[in-house]
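Put the two chains together into one complex; each comes in its own frame, and the hints tell you how they fit.
Going down the list, the protein sequences come from chains S and D. In this text, residue positions in the first sequence follow our numbering: the first is 1, and each later residue adds one. In this text, residue positions in the second sequence follow our numbering: the first is 301, and each later residue adds one.
Everything labelled a hint here was simulated from the structure, so no lab data went into it. The structure presented is a predicted model; accordingly, all values stated were derived computationally and were not measured. Accuracy of the hints is not assured; some may be wrong.
Label pairs and their in silico Cβ distance ranges [as the list claims (entries may be wrong)]:
id : chain 1 : residue 1 : chain 2 : residue 2 : range
1  : S       : R282      : D       : G440      : 44 to 54 Å
2  : D       : E569      : S       : K278      : 46 to 56 Å
3  : D       : Y417      : S       : R32       : 57 to 67 Å
Ideal placement from N, C-alpha and C gives every residue a C-beta, glycine not left out.
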Amino acid sequence: MKGASPEPRTSGGAEAAASLFELPPERAIDTRVARRVIGEFIRGQLRQAGFERAVLGLSGGIDSALVAYLTAEATGAERLLCVLMPYHTSSPASRADAEEVVRRLGAASELVDISPMVDGYFGADSDASSLRRGNFMARMRMAVLYDRSVTWGGLVVGTSNKTESLIGYTTLFGDSACAFNPIGDLYKSQVRQLAQEMGVPETIIRKAPSADLWPGQTDEAEANFTYPQLDRLLYWRIDKRRSVEEVVALGFDRELVERVDRMVAGSEFKRQVPPIAKLGPRTAGIDYLYPRRRPGSARR
Amino acid sequence: MQPLRIALAQIAPRLGLLDENLARHRDLIDEARGQGAGLVVFPELGLTGYLLQDLASEVAMRLDDPRLAKLAGATTGLSAIVSFVEESADHRLFIAAALIEDGEIIHVQRKLFLPTYGLFDERRFFAAGDVLRAVPSRLGVGLGIAICEDFWHLSVPQVLALDGAQVLVNVSSSPGRDLASTNEVGLGTATSWQTLMRTYAQLTTSFVVFCNRVGVDESISFWGGSEVIGPSGEVVWQGPLYDEGLFTVDVSLADVRRERISLPLLRDERPELQLRELQRIVAERAGLAPDSTAETGAEAGLDLAPPAKVSPAIGFRSRR
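Excised from the complex, chain D in its bound form (with noise of 0.2 Å):
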């Protein structure tokens, strides 16, 4: 299998000035083409920004809309991920981001999970997607799409894993906080975005591929950080913290294999087993079926009884 150069385009996009920031995809596609690399990965938003609010209905685009024609148009002889903010049919808007090759958009995966606490406020302005799935590309490996927040939940990596994926990408615009001297790279963020990377590329057997960007909006600033981890989790390439770059990076799918017979985890995997688990509890936090785990006067749904001697609000009766 040859050897894939990957380009990582760790950006500061200009909030809101979507076609400056078109215009810029553009040129750094042509940049990485001309560095070799087979797949160049932006980072979330890059197209419009992150800190939109009210801007996002004003920057967002169908898929049938001419300024993203225009870029597919530049991906000629490679794979680029874009991320923007994507208006479905009926008008909802997601976080999105698209495969592209050869002038074609060839898979969107709308972000799944919408940060909404702390200094994150996405499910006031954006919908939530409601499809996970990885994606076969032009260079001979599955692809596997999550943005930022995805990759906070345990069953999208592995998932994309399952369903194909021996990349996974992970497309971010991570604030960075939590200053301190206390942990390695002085940066609470960047630890634990880290610690996650390694941890998710060793139990997949894959690549991860994380582009991070970097610059300010607001009072937030993105550390960047961007990272290619090997399938056995170790670091195969990591980018500078706040640093604006394309940088690229060379990488061996053939460790994917290698990895995968000498470490049979993927093969292992019970998917089935999952299911039949998970089908079980969402009926019971549903109150659909009675919960065999529940602590003796649960409410349906919980698995803890109240601290008093109240009746269940709902559902099931205790089992007394």
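Extracted from the complex, chain S is given alone in its bound form (with noise of 0.2 Å):
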């Protein structure tokens, strides 16, 4: 990215955290009231449905890191259970941070190898592209979860964050499906400042974002920009509702913000719930519209 863009004021809170990582400061944030808010949200998403538990899959990277510490802020580190869900190209290295996670935070937590499920399936097709096995591995990890929702008890942490879910880099009914996401609406360089205020081990803060669905992947190599330059374009793009030419004066580069556009418009359908044809006189999510915990919702 070239060119100057509006500084804004900084906080203190910004600037020590240059050291880890990168921060675009105008999109610092206020990481007390983060915790704050978010804490809330866990803890009133489990009490309106009903559930004193939450389950989640580590996967070492700092998303999920993240989630399992506001998840255990939230709720006590015993009502969650992390789980671990390796395929068996997974880097060993994330074991061991998703591990060090689990053993600081004293949560329960399980090993599932998801390599017998994804290999029986596929079996001997060795056509079948990286991204088919990758997006198979993330559905097969929901079903896990899910699975394991019942036997632990637990709603569904979500860990996608919300650069991400902008871009589309995310399986449908695979890594962005459950039951609340508490990180959704930060911005990776949001995530990594949080993560830091957490407490989250630092290698997994330093280390590149990587989805982990082959050896040695990582998401900025694939996508070819780096997560504080799309955090503040979408930023601007977005939550500021700047135009193309308004972001391109910002000192953009006008290829990376049209390519980014494409993507986010592309990826609109994983956001959204799938449309039902309308027929009757009332129709979910159309003229039916219910908040998703009301009186009666919660599990008895």
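Here is the structure:
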């Protein structure tokens, strides 16, 4: 990215964080407020659904680590189950990082190797692309989590961040599937800022984000941008409603802007409930509109 | 004049659970009375929760509802402002706040401005009120009640003050958003509200009492931060962000007189001037009178001419 951009005032926290990762100044948040709001959100979601426990998939990456910390703080670590679901090509370092989170939090954990499920389906089909395999793995993990939701008696907590959701870097009904998501409105840089505030292990905060779908994969190499750059661009385009011309004037590369715009538009379907053909007098989501949690909706 | 003890119930109502919220209100009214409060204020839709959608009709109450009468019965010896979904005789649903004193509903203020933009969708589910009145109270001062978004319209605090309110009470369900480290409280919504309330208190030389809820409805978290601002715009009391509680604040109503004597802004208001100019503007915007301040070529009701040379669609032809 080139050129100057407006530099809002930054907090001391944002500057102190600079050593661990790059935080675009306009994306710095008050982490104390975020922590408080998210804690209330998690407790509220569980209470309104009639649950006390939560379950999440812990990959060893920063997003699920942060959600584990936030959930443990909100509910108490004893009410959290972390499920580690490696495939045989998954990085051993990721698993070690996940185990470190479990150890530090003192939460319950389970290891479910998804290799037999995935290999059992694809078998000798060597034509299956990495994309197909990666999506299938994400959906197997979803299936495991929803089964563990029953055995553990807890709601599945989502771990997708705002950046990957906006560009569609998620698997529909896979990693995006959850009962509620505490960090879905935080950009990746803000996830890092909050993770540091929460005391997530530094190795997890520092390492390159990866879907870990094949060895050596990193998000940024795959998509050819950096998260701080992408977060700033999405912030100005979406949150601040700036036009393409305006963000180019802010110093963003036009080719990048147009590419990201296409990714956002092309993944709209992943962020919405599938449409129902409108036929009857009252149709869910159209003219039958109730809060998800209403009197009588909680598990008894 | 006696000091007034105000109790602010910064609570998290349970969504759609009217009976549970009614019981909570009665308990808190008793608690406030026990603490010597003369006025207890509850947040917008404190009896029902905010994000009701199609539940609105299911929790709506007529003003003769026995459940309201029972709640009113708990107000012996004090004043309470409570908020709920009111169903009118012609079956319109309003977001309403009622002043209840000594067992009687004294006044009902219906929400005038229903935000239907951004994260709000109120106009879909509710009717807008048409009446704005200050009301004398047993406290010896005029009260002006406004509901949340009503305070984002300048006319509301001004009309209430001109109508005799010395204490402006805003009851809110304000969702916190715009988390940022670039402002002092870390929350854009809180900064905006605080600016408004200080300004209104100063310009109307009145107390401003702001009671905002806490808790979570679906995706949105309500930020609390209830406040009492004195008639010179100074902060008398500031509640915590996000914490639930019944908080009491003592105010000296004599401050209103002092401020209005030393800074007679309200005395110098010119409502007749505003009325004349507003009548002109309303007529012009309706296309019922030529707009004396519009650009040449502007369509009736608009102040600006179209960019291209097109004929106005309706109303007066341009004066060429």
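Here is what the structure says about each hint:
{"no.": "1", "hint": "S:R282 - D:G440: 44 to 54 Å", "verdict": "holds, 51 Å"}
{"no.": "2", "hint": "D:E569 - S:K278: 46 to 56 Å", "verdict": "holds, 52 Å"}
{"no.": "3", "hint": "D:Y417 - S:R32: 57 to 67 Å", "verdict": "violated, 29 Å"}
Of the numbered hints stated above, the single one contradicted by the structure is hint 3.
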